[in-house]
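*Asks:* Taken in sequence, the protein lines are chains L and U. Heads up, the first sequence is in numbering that gives the first Met the number 0, so the first residue is 0 and it goes up one at a time. Heads up, the second sequence is in numbering that gives the first Met the number 0, so the first residue is 0 and it goes up one at a time.
There's no promise every hint is true.
Chain copies aren't distinguished; within one or between two, either way the pair holds.
Here are the simulated DSS-like cross-link-like pairs (lysine-lysine), alpha carbons at most 27 Å apart as the crow flies [stated by the list, open to error]:
#, residue 1, residue 2
1, LYS401, LYS195
2, LYS401, LYS328
3, LYS363, LYS155
4, LYS395, LYS21
5, LYS33, LYS21
6, LYS155, LYS195
7, LYS265, LYS152
8, LYS152, LYS164
Because the hints were derived from the structure by calculation, they are not lab data. As the structure is a computational prediction, the values presented were derived from the model and not from experiment.
Number of protein chains: 2
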Amino acid sequence: MAKINNNYLKLPGSYLFSTIAKKVKTYGEANPDKEIIRLGIGDVTQPIAPDIIKALHAAVDEMGNADTFRGYAPDLGYDFLRHAIAEFDFKSRGCDISEDEIFVSDGAKCDCGNIQEIFSTDNVIAVCDPVYPVYVDSNVMAGRTGKYDDELKQFKGVIYMPCTKENDFVPEFPSEVPDLIYLCFPNNPTGTVIKKNQLQAWVDYALKNGSVILYDAAYEAYISEEDVPHSIYECEGAYDCAIELRSFSKTAGFTGLRLGYTVIPKRLKVDGTALWDLWARRHGTKYNGAPYIVQRAGEAVYSEEGRKQITAQIAYYMENAKLILNGLKDLGYEAFGGVNAPYIWLHTPDGMTSWEFFDHLLEKANVVGTPGVGFGPHGENYFRLTAFGSRENTIKAMERFKAL
Amino acid sequence: MAKINNNYLKLPGSYLFSTIAKKVKTYGEANPDKEIIRLGIGDVTQPIAPDIIKALHAAVDEMGNADTFRGYAPDLGYDFLRHAIAEFDFKSRGCDISEDEIFVSDGAKCDCGNIQEIFSTDNVIAVCDPVYPVYVDSNVMAGRTGKYDDELKQFKGVIYMPCTKENDFVPEFPSEVPDLIYLCFPNNPTGTVIKKNQLQAWVDYALKNGSVILYDAAYEAYISEEDVPHSIYECEGAYDCAIELRSFSKTAGFTGLRLGYTVIPKRLKVDGTALWDLWARRHGTKYNGAPYIVQRAGEAVYSEEGRKQITAQIAYYMENAKLILNGLKDLGYEAFGGVNAPYIWLHTPDGMTSWEFFDHLLEKANVVGTPGVGFGPHGENYFRLTAFGSRENTIKAMERFKAL
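From just these sequences and the hints, can you work out the full model?
*Replies:* Quick look at the structure:
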C-alpha cells in the first residue's frame, strides 16, 4: 500500500503569490475600469539584451544542423560557460574559484530547493525572518522540521533569525547553533545588504561551529556600494564552510530562460566527505544539464557587449528603485533597501498590518505590492515593492502614493 | 555541526556511462588510428527538425522584444503546450487526460528522479532488473533502501523483478507486494515491450494492492506494432493507480533542449490525498518552469509539419534498428528489441560476460555498446546497442560485426 510523504501536509495552505494573484484578480474583475500597476512579484520586464538574443539565434541554428547539433549536455554544464563564470564572477574579484567548482543549473530556485538533499535530515536549519519561502518549504518537505505553529506562524525545529530595522536587517547569532545557515544578500525581500566584516563574522561563526552556510547571492549584480561583498568567497575561510547560489534571472532577465549556478569549493568537507562529490552525484543522477542554447545565452552575458547591455538594464531598474525609495521617504515613509537591490522594503504607516496595507494600496492606489508578513512573522508591518516595473509605471505608482 | 546525507554513500562508485567513457578514452588514446563507432549512450544524432527550429527562432525574437517578452513561466507549464499534449498524446488515443493533469518539466530524467519525493520514505519500491539506474539511485539517495550488497549487486530493501529472455522481458508479480512499481515500456535497456493485456494485469495488481505504478513511456513514439499500449491510461483503472512520465528527448531529439512531462490524474489518491496536489506543490516550491522558448519548440512538435518531420526522424532511427537486429540475427546472435524501441538487446556469445563482450567489441570492432550488467545483475550476459547513430556508422558497425 503506497504512502505519501506526510511532510508535505505540514505546509500551510496557499503560496503567497497565488493569494496575491487571487486578490488582484477579484479586485480587477470587480473594477474593470481601474488600471492596476504590479510591483509585487519579483519578475523582470525588460526584454533579453540584443547580444544575448544574437547568441540564442546562433545556438538555435547549431541545433538545426547535423554537424553542429548538440545532444545531452555535460551534467555540470558546458566548459565555455563554467569558464566565463569562474573568470568574471570570481577570479576578477580575487576569489579562488575554478571552473570545475561551478555547477550550472536551470535556475537558483531549483538549486535553493534541492541543495538541502545532500545533508542529513537531522540537521537543524537557520533562516532569516522574513525570508524567501523556498529555503524553509524545501526543508519541510524533506522532513527536516517539525509541524507548523499557526499562532507563531513558524515551523517547529527551525531557527528563525529576526531581521528588522532594529538590527539593520542583519541577523544576529542565534542562541542555539544551527547546522545549516541560509543567508541571502543582497536580501530578498528587504533589499538590504550585509557589510564585508559582518559576513566575515558569520563565516568565522560557521567555521567555529562546523556549520555550513548556504549563501544566496542572486541579486549580486545590483550592488552599487563599496564594502558590500559580491561573493561570500571574498571572506577568509569561506571555501571551507560555504556554498554559494547564483542566478541569471535578475542579472540578465533570464526568469523565462532559466539559468543559474551553484558554487561548491572542492575543499569544502563535512564529516570528511567533499560536498562537491555529493552534489555532482545528485546532478548526475537527477538532472540532465541546462539547455545548450540557454548556456550559450549565459555565455553571452559575459561578452563585452553583453556586459554593457546588462549593466544598462540594471541601471534602468535601479533608477526605478531610486524613484521609489526617495519618493517614499519624501512622503514620510520609513523605507529600506533599494540601493544595492531591486527591492524596497517599507514600514507600513499607522500600525497597519502588511495585508491591511496591501488591500489599502490595491484599492486606493491600484498598486500591487507584497505583504511583508508573507515572508515570515517578522515581516509583519512591512511591505515589499519591486523596481522591476517599467519607468512609466513606476513613476505613475509613486504619483498614486502621493495622492493616497 | 552539519551532517551529510549518508544515503549518498551507499551508492557504489562510478556511474555506468563514466566508466564506459573512460575505457573508450583510454583505448582511443592508445590507438589513435582507429575510428571508434559509438552505439553506446542513448543520445540522438539527428538535428532538431526544421519547423521546431523555426518555432525556436520565433520565440527567441519574442524574448528580445519588450511587448512580447515572457518572464517566469507558469509553474506547471504554458497552456498552449499542455493543451497540445493532452490532445495529441492522450485524447487522440481515447485516454481521458485533461491539460491540467499535465506537468511540463525540463525532462523525464528530472521527473523520474524527483517523483519519489512525494511518497513516504518507508515505501518499498519494485524495479525491473535490468533497469534505467535513475529509479533506484534516486530512491537510495532518499533513504528508501538498505545498503548495497556487493555480491548480489543489489540494494537491500528493493524488490528486483528479473526481466530476461525466459519471461520475454516482462516482469512477473513479485512475492512481496511493493508500494511503488517502476515500469518502463518500451523498455530501456532491453528495447522490448509489454502487451496491453499484460499491462492491464499490472494495473489490476496495483489497484488490488493499493500500489502506485510509475510508468516511464519515454520511448512511446517508437512503437510500431498494434496491441502495444502507448500510454498506461489505455488500461482500465489506470487513472486510479498510475503516474506516467514522458519525454521529448527521443520523440523529437530534445536531449539537448530539455523538455518532458508527467501526467497525474486528478482522481489518483493515496491515503485520501490527491498526488496531483503534492506534485503541484513540489513544482511550485522547487521548480520554476521550463524555458518559454523550449515550450514553444515542444508545441511545434505537435504541428502538422512538426509531426511529419518527427515521424521521418523516428523512421530513420528505426531503419537503423532493423539493420542492427536483422544483422545480428543473420550472424547467429540472439537479439531482442529493436522493433518498437531504438534499443537492441543481444545475448553475448560463448558465455562472455557483458564487460568481456564490451572489451572484445571495442578492441576487435572498435564499436562501443553498453554492458547489460551495468543496468542490473540480470543484465549480465546481455549487451545494448542503440539505433541512434548515423546510417553510415550503423552499416559500418554491422560490417565490423560480420568480420569479428
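*Asks:* Could you work out which earlier hints the structure fails to respect and list their numbers in ascending sequence?
*Replies:* 1, 3, 6 and 7
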